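J.: Here is how the chains run, residue by residue.
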Amino acid sequence: MTDNYEVRDVIDRETLSTVKSVGDTYKYGFSTDIETEYAPLGLNEDIVKLISKKNNEPMWMLDWRLKAFNRWKKLKQPDWALLKIPEIDFQDQYYYARPANMKEKPKSLDEVDPKLLETYSKLGIPLTEQKKLAGVIEEKHEDKSENRKVAVDAVFDSVSVGTTFKEELKSAGVIFCSISEAIKEYPDLVKKYLGSVVPISDNFFACLNAAVFSDGSFVYIPKGVRCPMELSTYFRINAENTGQFERTLIIADDNSYVSYLEGCTAPQRDESQLHAAVVELVILDDAEIKYSTVQNWFPGDENGVGGIYNFVTKRADCRGRNSKVMWTQVETGSAITWKYPSCVLKGDNSSGEFYSIAITNNMQQADTGTKMIHLGKNTNSRIVSKGISAGKAQNTYRGLVQIGGRSQNSRNFTQCDSLLIGNKCGAHTVPYIEVNNSSARAEHEATTSKVDEDQLFYCMQRGIGEEDAVALIVNGFCKEVLQALPMEFAMEAQKLVAISLEGSVG
Amino acid sequence: MLNIDDLKVSLEEEEKQIIKGLSLSIKPGEVHAIMGPNGSGKSTLSSVLAGKDGYIVDSGTVNFEGSDLLEAEVEERAALGIFMAFQYPIEIPGVGNMNFLRTALNSQRKTRGQEELNAADFLKLVRGIAKDLEISDEMMKRPINVGASGGEKKRNEILQMCLLEPRFVILDETDSGLDVDAMKLVSKGVNNFSSSSRSFLVITHYQRLLNYIVPDFVHIMVDGRIVKTGDKTLALHVEETGYKDFLQLGKGKH
Ligand SMILES: Nc1ncnc2c1ncn2[C@@H]1O[C@H](COP(=O)(O)OP(=O)(O)OP(=O)(O)O)[C@@H](O)[C@H]1O
Ligand SMILES: [Mg+2]
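Line order of the protein sequences matches chains A and B.
The first sequence begins at 8 in this note's numbering and counts up one residue at a time.
The second sequence begins at 484 in this note's numbering and counts up one residue at a time.
To be clear, the hints were calculated from the coordinates, so they are not data collected in a lab.
Nothing here was measured: the structure is a model prediction, and the numbers come from that model.
Be a bit skeptical, because a hint or two may be false.
What the hints assert, rightly or not - Residues on chain A that point at chain B, a partial pick, calculated with CB under 8 angstroms:
# : residue
1 : Asn385
2 : Gly470
3 : Glu474
4 : Phe484
5 : Lys486
Even for Gly, the Cβ is constructed at its ideal location relative to N, Cα and C.
Go ahead and model the full structure; you've got the sequences and the hints to work with.
T.: Here's what the structure looks like:
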């Protein structure tokens, strides 16, 4: 018998022992001592040109960036979120940093600086081509996941350091490479789709990204292809005072499928760091994309010093009939999170799902949620949001469900639960629901609760320590979302849930 | 094994004493039953022994195998071998039974410096116990106590007891809500589990249970005190005449 619950059970067990073994709260807080090459401080047209030049970009790309930069200068930073954002001096940032010995892009992983490889392996991400991303489950359940492979693209500060399993993917027709490479190698695809989901001037942070993005990942799944393995990108900010602006573009052509994972970490530093990413997903007829994120940027210390300011624009465009997208996010890191992965359901019968866990502890602030824009007929969307606040943290769910006049028979279901640990934190729910069609229906359920004393006592009477008990209960609270993650990430995510709540009780 | 000496306990939230000078001594292998009217403080006593928050010990001591029990944290008491079957077992949504049980067992083992049980051995162990208690696989996959009937929850408590192998067990009205067959099953579970080194404190309103789990002593608790102690025939007496003979005993001591 190898039912699901046994697998999960093992995961949970690992979670708790890992939590115990991790003394420090943020275990990714180390930095790599590696010679780094920076662009000059600040932002102006020359910097934009420099970034473009460093990436050996064609003229059309530079023009695109400059257009964005000129728009950005006229835009104002948005202030509608329930966030207290310290003033960001955009001239006091570096917009480009790369490991010095990456001037010549390595042709294969063998040429990558061992220090970089070591950094990733310390983060639990092997960049050597091997079967497993995270070895724990596989060892115990070989029958199930022997052939699970995950191709990894790793982005270190501003540049991609390497992508694994390229050849194997290529033979399936899948393109998976850094976006800087795609701009050179597949200009037609990039030109056709870049900015088609999140236009240049969509919002302040997306516009900034369009001007200065330095790298990111590119995926194209051709017609009729089911991507033979999970694809993933790991983002790592290492350099000090440097913003990371990556851009991801994924295109699922007719009748194709891909599952994509994204993970992020950053060293522990006193200075806050800016991260403004853009992710665009294009989904054509009968195609499906699953996009999962485990965001664990450095959250700052317990007094709110340091941490990543995370301003992210993610949007999926379900252009095709019967197209499907599923966003799953586990947001445990960052000092500030401003993020609303959205689904534009244009194609008839298209569907969008959003599963989210957002944990804020200490002084962290998160304003996150989704937008479901129903345009096609018979479109479906589902939102499951679990917000957990502890310490003095503030956690806001902000979601828009919009069903247009022509979007007949469309449905939305929203479940939005908040859990409070202690009494100094806050949880807020801000739903916007606009239904302009009498045949459409939107349902919204919301709950707010505290970690239940009786549940804690019950666990502890059975011998489970208080922190483990909280982790167990919170993982239970998040279960629906954890189950939406691919297995490797589910494990990682459960650990993170436990780790990020350390010190929240007692 | 367990010595309670003149224990007085109040609520933390309001100034109200619930346990008003209770003494009780339990030796290894003994089964003690406590009966008493609703609200007399039976569950409060269990909670205090298990270490639940919300109570203030005004005076008195509780000694468990030579150490001061009141000093220990809840989970430490559990690891020492104290188990309480809840009168109202708690539901924890999203947390699977198996996961919960394994976490609990291995936490206790860890606290005691024992090695953790691996997944395979654990499963074998749990399945064996579940089978004896006629708890289905389907039931084991559910989140703890969520959607379980009253009787199923009680059976779950006994399963946890058998798995965790405590040395001192409090059964707080474990018989309430059980049908006749389930009661026999649960009693069988308890009797199989009992040994010369294990002791039980059985709280019940019904003499019927004590036909199956035969007590060495029966205590009558009224208004926070034990007012009468006898053998199993005392339970029969209560069954016939109720508590009216004892109520006065409680008041008399004020
Ligand atoms: N946390 C609490 N807050 C308020 N009152 C309490 C609390 N705990 C116990 N009490 C009160 O203390 C008294 C004893 O309660 P307890 O649950 O111990 O009784 P019991 O003997 O177990 O009753 P029953 O036979 O109904 O289970 C009751 O009057 C109850 O209302
Ligand atoms: Mg009671």
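J.: Hint by hint, which ones does the structure fall short of?
T.: Hint check: 1, 3 fail, others pass.
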